[in-house]
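Please construct the entire structure, taking both the sequences and the accompanying hints into account.
Take a look at the letters that make up each chain.
There are 2 protein chains.
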Amino acid sequence: MRKSKLSSNNRAASALLVLFLFVIVAAQQPEAPPSPYSPGLLEELNRLHGAALASDYDYRQVAYLCNNIGPRLSGSPQARGAVEYVAAEMRKLGAEVKLEKVMVPHWVRGEERAALVEYPGMVPGTTQKVVVTALGNTVATPPEGLTAEVIPVGSFEELAALGRERVAGKIVLYNVRFDQQLAAMGQAGQAYGQAVAYRWGGPSAAARLGAVASLVRSVGGADYRLPHTGSFAYAQDATRIPAGAVTSEDAELIQHLSARGPVRLRLVLTPQTLPDVESYNVIADLKGSENPEQIVIVSGHLDSWDLGTGALDDAVGVGEAMQVLNLVKQLNLRPKRTIRFIAWMNEESGLAGGRTYAENHKAEIADHIAAIESDEGVGHSLGFSAHVSEKAMPMLQPLAQILRAHGATAVRRVEQSVGADISPLENAGVPGFAPLQDERTYFNYHHTPADTFDKVGKRELAENSAVLAVLAYAVASLPEPLPR
Amino acid sequence: MRKSKLSSNNRAASALLVLFLFVIVAAQQPEAPPSPYSPGLLEELNRLHGAALASDYDYRQVAYLCNNIGPRLSGSPQARGAVEYVAAEMRKLGAEVKLEKVMVPHWVRGEERAALVEYPGMVPGTTQKVVVTALGNTVATPPEGLTAEVIPVGSFEELAALGRERVAGKIVLYNVRFDQQLAAMGQAGQAYGQAVAYRWGGPSAAARLGAVASLVRSVGGADYRLPHTGSFAYAQDATRIPAGAVTSEDAELIQHLSARGPVRLRLVLTPQTLPDVESYNVIADLKGSENPEQIVIVSGHLDSWDLGTGALDDAVGVGEAMQVLNLVKQLNLRPKRTIRFIAWMNEESGLAGGRTYAENHKAEIADHIAAIESDEGVGHSLGFSAHVSEKAMPMLQPLAQILRAHGATAVRRVEQSVGADISPLENAGVPGFAPLQDERTYFNYHHTPADTFDKVGKRELAENSAVLAVLAYAVASLPEPLPR
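Chains Y and L supply the protein sequences, listed in that same order. So for the first sequence, my numbering puts the first residue at 1; every next one is plus one. So for the second sequence, my numbering puts the first residue at 1; every next one is plus one.
A portion of the hints provided could be inaccurate.
No copy labels: a pair is met if it fits in one copy or bridges any two.
Restricting the straight-line Cα-Cα distance to at most 30 Å, the calculated cross-link-like pairs of lysine-lysine (BS3-like) are [stated by the list, open to error]: (1) Lys129 <-> Lys458; (2) Lys287 <-> Lys129; (3) Lys458 <-> Lys391; (4) Lys362 <-> Lys287; (5) Lys287 <-> Lys98; (6) Lys129 <-> Lys101; (7) Lys329 <-> Lys458; (8) Lys329 <-> Lys362; (9) Lys329 <-> Lys129; (10) Lys391 <-> Lys98; (11) Lys458 <-> Lys101; (12) Lys92 <-> Lys391.
It is worth saying that the hints were derived from the structure and are not from the lab.
Structure (structure tokens):
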């Protein structure tokens, strides 16, 4: 501790000065404005919250999408079946339903397998299985597969250091770990972001150095030999080479063997890219009583990957958004503004739904008061993220008082987009929202065969439905639109 | 509390009686016998223990078996490669190596897939994948598969109640949960035992009622859509029908859909059963200095299932047993009796190795002082189980003093066999031993594609190697053989 040089007189003078400044500052604080939440609105929000926790409508919707319809890859018959099902359910509720045409890629997963065919110590006449999955929209290998040495790298820098001479003609394996500890600490999104860069940009980086295929260590937690699929982008300036993901176990195996000598891998991926097909965003409106032209979107995405049944990603988001309309109808509530349900198409492999909607509704962007998307699984609810102007926060904070009934108190303002499908709207200035939840295990299941209905907790689903319902109804009913 | 009816005189008399009886009992306690552990032996055991924790010989052996050789299904080229590798390593240590011929089944897994082809709400023109694996030694379906209604049952009783009329021509699904909570409480073996009865006896019970195939919900924990294979027995009196295991997720899906209407499944399993082949138990002796005819076995099983690389089941057991010989050699120790390493063949699908050994060595059973097998994975070490006479316990308890250096203090006497391969010896009166360890997650990986080398903790492996080394060397060096 630094020794004070103040005399006791000086101390007394300083104390007075502090008090004086405090009085000035306090006097400059504006009076708290009157709450925009009328007692009537608060009562409606509390009723909505309670009804969300008591209802299993959302759970039954999620079950139907996962179990009866199954995986809903863009362009597939199941995706079309899901559009028809959700549209019919929304009509049953009396909502005004519209199918918005979206052209989507139609990529069909084929055979996918891989095996080590040469490596140090291999028993003659044997091979060793490698669990692999194709990344979405990848080109195929030849039908009989391709065989080449596989070279593990730990980063783009390591790849660059190897150079064309070492990489040309080879299969590159990006062996970059998903940081499970970081995810367990509640930073799952950051852990995902660190590793997904290699899935996204890896294939073209490898192709630029002459690689014949690109594999990424699966981006996700857990150690149950599950491959995680996902999307990526071919760069314009690079040859399109086949792109897959191997499990963390297989990446470790290849790394281990490669330290002792060359490892050759046979890779068979035979997906087909068919012509784009017409698909749809499902849009269902509950018209506002006073400002029907003003829109509050509640949404999830209806398409899924095809390995599992897209339960956490994102039948739950669709089910929660359906529940919002169901509850508002069941409770006979009439929001001032229109609550618009959207089940987005093609979030996973192109974002055609989100882009098409933003393009089609360009002229009405100013009337889009808010866009809410739920697409982060279904952990215990913590509150919501708000991609909004600071000026909007005083209108949102009081919602924590309602949500705390299920343990959620976080109203977190963020500076970036909070949902892929709504990001084109957010980029155009529309306030964006997403439920905040416990995501510690989300990336264990994300994009894997294990993303199935049994992973959905009824209680956690209801909590997140409650967040969507309270948030959407509040923003649709407050006296003024959210400031931007 | 019950009111006492004793008078105070009676109480004094009673107290005297208790004291008198106590004196008699105390006088009858024999004096503690002198410890059979000489200071020299204790010093050797402590050195062995420390050396086990410091060495990575076991870890490198397990890595080689899993990564370089791979899955080691009985009858496969990899099983043969593993025999040759382990025999060569034992010869390197200077042990006397013998290959004991064992005839084993040669079953080769074929294609295995299943799909729901009809169920309530199915989108026309689609099917839904079911993740399935063949149980070991099952017969095949026709190459194009078989299609039938699938009927979930929760028990043998429920199956019996359905009767032949409902079951004939159908596929039976035993949807019996593995109790994950019980496993997490440390009772993994009990959880396994409860559920495995349906894998073991299910196919013939279904066949007796006319079923065309039998599926069991995978016996094991975790929820990552992993099928667990394993063995079962066809009864003499029942038709041999194809037998598989589906994942817990797929069992839940079928159960969910079946509640709403008939579910039809197409099942394709095309394994082949080839003629039995000659294989081997690898036997390696470090001869005893005083009683070379007396044998203490340390062992694990060399064969594995073929979905993963048999790391936890049971490369670790083999690696630990190899480490015992390695350490005794490295430390220049000479046990009084022979320490016999055995890598058993065919534990998983017939137990031919264990049976053959017991048969071949019938005449020397009395000289088998102890048989130790490690085949329960590689969790943190707790001590060991001893299937021994009560009279043997005072000779074993002092070992806890040595093992407690790594946290293991349990010397647990049990009344049943502690290892499948050694069970024929135990049945013939040979004291049996197994390391005791944390098995809470063992059945998450057991018999699945995820039983791979990355699941092996170097420290936990060393702890269990230390148990085997200390136990084997002690029993091989004590003045007297263990009493039976």
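Hint check results:
1. For a Cα distance limit of 30 Å, the shortest separation of lysine 129 from lysine 458 across copies, 24 Å, qualifies, whereas the shortest one inside one copy, 38 Å, does not.
2. For a Cα distance limit of 30 Å, the shortest separation of lysine 287 from lysine 129 qualifies neither inside one copy, at 56 Å, nor across copies, at 40 Å.
3. For the identical chains of this complex, lysine 458 and lysine 391 are neighbours neither inside a copy (35 Å) nor across copies (55 Å), given an alpha-carbon limit of 30 Å.
4. Proximity of lysine 362 and lysine 287 under a CA criterion of 30 Å is satisfied intra-copy only: 20 Å inside one chain copy versus 87 Å between copies.
5. Proximity of lysine 287 and lysine 98 under a CA criterion of 30 Å is satisfied intra-copy only: 13 Å inside one chain copy versus 84 Å between copies.
6. With identical chains, the CA atoms of lysine 129 and lysine 101 are at most 30 Å apart between copies only, with a shortest distance of 29 Å across copies and 42 Å within one.
7. For the identical chains of this complex, lysine 329 and lysine 458 are intra-copy neighbours only, at 21 Å inside a copy versus 59 Å across copies, given an alpha-carbon limit of 30 Å.
8. For a Cα distance limit of 30 Å, the shortest separation of lysine 329 from lysine 362 inside one copy, 29 Å, qualifies, whereas the shortest one across copies, 80 Å, does not.
9. In this homomeric assembly, lysine 329 and lysine 129 never come within 30 Å of each other (Cα to Cα): the closest approach is 53 Å inside a single copy and 36 Å across copies.
10. Within a single copy, lysine 391 and lysine 98 get their C-alpha atoms no closer than 34 Å, and across copies no closer than 82 Å, so neither meets the 30 Å cut-off.
11. In this assembly of identical chains, the alpha carbons of lysine 458 and lysine 101 never lie at most 30 Å apart, being 32 Å within a copy and 56 Å across copies at closest.
12. Taking identical chains as interchangeable, the C-alpha atoms of lysine 92 and lysine 391 are never at most 30 Å apart, the minima being 38 Å within one chain and 77 Å between chains.
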